[in-house]
Amino acid sequence: MFRDDASHGADLPLAGCRVIEHSRTVAAAYAGRLLAAMGAKVVMLEPPAGSALRTAPPLLHGTGHSALFASLACGKDSLVCDLSLPEGRRMLEQELANADIFIDDTPLREREARGLDREAITASFPALVHVSVRPFGASGPKADWDGEEVNLLHAGGEGFLLPNGLCYELFPDRPPLKIYGHFSEYQGGSMAAFAALAALWAAPEAGGQYVDVSVQDAVLAVGAFALQRFGDGSLEHRSTRHFRYGGVFEARGGYVELLTLEDRQWSALLELLGRPAWAEDHTLQDPLERSRRGDEINHHVREWMIAHDVDDIVRWAQELGVPAAKYRTPAEVIAGEHERSRGLFAPLMLDENTQAEALVAPFQFRCTPLQAAGRVPALGEMTREPPS
Amino acid sequence: MKAPLAGVRLADFTIHAAGPFCTQLLAQLGAECIKIESKARLDAFRKPHAVYGRLSAATFDQVSVNKLSVRLNLKQPEAIALAKRLISISDVTTESFRAGVMQRLGLGFEGLRAVKPDVILVSLSSCGQSGPDSHFAGYAPLFGAWGGLGWMTGYTDGPPVEMRHVMDHSAGIHAAVATMAALHQRRRTGRAQHVDVAAREVASAMIGDALILASLGITPARPGNRHLSMAPHGVYPTRQPDRWLTLAVRNDAEWLALARELDQPAASSDPRFATAAARLQHSEELDTLLSQWLGACEADATAERLQRAGICAHVSWSMLDIASDPHLKMRGATTEVSAPGIPTRSAVGAPARFSKTDRVGIKRLTPRLGQDEEYVFGELLGLSAVQRADLESREVIA
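In the order they appear, the protein sequences are chains H and B.
My numbering puts the first residue of the first sequence at 2, with every later residue one more than the last.
My numbering puts the first residue of the second sequence at 967, with every later residue one more than the last.
Chain H on its own, in the form it takes in the complex:
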């Protein structure tokens, strides 16, 4: 059914699926990463100097390893393939002939010279699912536009809406704020993996096809509620996009997120706060009245939070059924008892001497557990006989 019938993780969901990834952006690399985590054989075609992502920050001092690249490339293979040379293009053809999915993020204007244009690939590999992942897609008037994460988060509408809540209250005059890292590109990448697998699902009937994924589209898709609200006549803005009460609270030793949407959660919150006198006002039984007096409620909650230890608060809150969570640092996430129990992290060799830990996958398959990748591929570790 798939092209790669070798025994690569034979039990895994995508065992036997062969993916060729030609990436320079986080979006395309993340698509490949998700497929690799589920058992696909993913081969990165890298230029002789290596993928640009190999030197993308954050870097480890000393070794110069990119933590970003390590998080994206674990579980993949690396094959050096110089598409500026005829033999490199022949190698590409050889690889695509044996692949189910090809993921490429080359800018449109550079594709033809490298043998990567849609028409040529469709003609030569009619059974291949060819997925283009570009910042603004491969069609439409802005297909030639380029964008990095900061541009794309704002092009998709979410950037304009951040920060909100406490952070906005503290710094109302600062420019809008991006989400950490490569959030937009992860959305584009996961959408590309989804679309690739959907096209592959249709392949027995439809054959191969070309799939055009845009990071901007993906950001908009995850921010769809703001578009819905716009249709309702309300233009969201970071200054007003906050929960009427709840949100981020400073506690002793950290920050708490608190959100009570249901009446029973509100009652539980009052229990958590020790049934304070201000809450005896019976008009606060009405959720609309609470909404109107959100600032006042938050003022009281803030006073209480800052006087209590963050870990106590979230423990009591969860016992009482109040949705609350600690803002955990990466170190706390890595060491988290829950994460450990679920096997979320596994050792990852960055090179022969450096062992880190990395997330196995953001989903689990309980009947056939995913396997940790274990290592980051060295540049060009796979070798191929030069095609004749």
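In short, the hints are calculated from the structure, not lab data.
Any given hint could be a false lead.
What the hints assert, rightly or not - Okay, the calculated bits of chain B under chain H, using three or more residues with CB under 8 Å as the criterion: (1) 1290 to 1304; (2) 1310 to 1322.
To be verified - Coverage of chain B stretches by chain H, computed from C-beta distances (three or more under 8 Å per stretch; other residues unrestricted): (3) 1044 to 1056; (4) 1091 to 1104; (5) 1143 to 1153; (6) 1161 to 1170; (7) 1182 to 1190; (8) 1203 to 1214; (9) 1226 to 1239.
Said to hold, decoys possible - Cβ pair distances, simulated, as ranges: (10) D1324(B) x P173(H): 39 to 49 Å; (11) R265(H) x Q1230(B): 37 to 47 Å; (12) R1154(B) x A347(H): 22 to 32 Å; (13) R1205(B) x R265(H): 11 to 21 Å; (14) L236(H) x Q1337(B): 43 to 53 Å; (15) A1262(B) x R265(H): 47 to 57 Å.
Beta carbons are placed, not taken as given, at the ideal position from N, Cα and C, and that holds for glycine.
With the hints as your guide, set chain B onto chain H.
Frame of chain H, contents of chain B only:
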């Protein structure tokens, strides 16, 4: 040609945002999604949310297109039996209750496997199906907090920042990816699968690089809008109030092009900005200068000019910009919808463009509660009108 997932059927028990967005994605690519709901316990997203400061249920439509709706009161044993029959004729069953709820309803994975040996059950929850926190309830901002993404997001000197609906929807896309993989696995092996997606772990995947650093004992900094290798990089004011320009300069050539486009010849020869390392070192001065220069510019025209010069620039767009953008419209990323009582409005369309299986996107809008029971209970399950009326009178279908 028809949609890529035509012929795939989902029995969809998900509620709120994350799970329904997963099944909406599958439905936008052609899967037949049967949403099982109940008047007795209405999806919170069909109800008004006072905490958001509004009275109407404004968010339901963006997670409900293309779906069919039936009612089943899952507190009734007969409803559970009907749910199992629906599951047995579906390819995938999806749910987003707290861990353990499906089990208590009599719809746990092993039980479903007994009625459908190759069942694919997709469970999307805040904390997953196992582990000490698996019983925790949560919403999108909590996923971001638990997963570490909230901590890493913020101004360097400020508090962590709340993730909003995007976190729900991101979990939904990841669940859709995993659902597709499980379908492929079943096609190949004929085996059942239980997919377990924890939204907080999706949030953790968004800080994969920071987690690797943390595992090595390094404390990753909260960078705000700064980038560790690009400068200038950030969000800058323009001549128009609250009309910001985002900018990312990746290398020396782009820096020189920027200086040229902004007519700043002195900057292009300033040694403080000659190399990437120098620009990073002087990034604060650079940001001050950029704010001055761009403060005299018209945002949209500048973005276009910079893009033509090969520089990554884009205006910080509100939904007003997005709803009227011809590029997004041409791609089908936005599409106009209307219905009786609902004026024409912009909605998010197909998640990707397919060259062959192109019948993707919005085909029908949010279903009324229970509107598809004649097809689902009548045609698919073979219940007569009399049987259905009886089940309704006894509040099994309710």
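We went through each hint and held it up to the structure:
1. 1290 to 1304: holds (count 7)
2. 1310 to 1322: holds (count 10)
3. 1044 to 1056: violated (count 0)
4. 1091 to 1104: holds (count 11)
5. 1143 to 1153: Satisfied; 9 residues make the cut.
6. 1161 to 1170: With 7 residues close enough to chain H, the hint holds.
7. 1182 to 1190: holds (count 7)
8. 1203 to 1214: holds (count 5)
9. 1226 to 1239: violated (count 0)
10. D1324(B) x P173(H): 39 to 49 Å: The hinted range 39 to 49 Å holds for D1324(B) and P173(H), with Cβ atoms some 45 Å apart.
11. R265(H) x Q1230(B): 37 to 47 Å: violated (60 Å)
12. R1154(B) x A347(H): 22 to 32 Å: holds (25 Å)
13. R1205(B) x R265(H): 11 to 21 Å: violated (50 Å)
14. L236(H) x Q1337(B): 43 to 53 Å: Because 31 Å falls outside the window, the suggested range is violated.
15. A1262(B) x R265(H): 47 to 57 Å: Because 55 Å falls inside the window, the suggested range holds.
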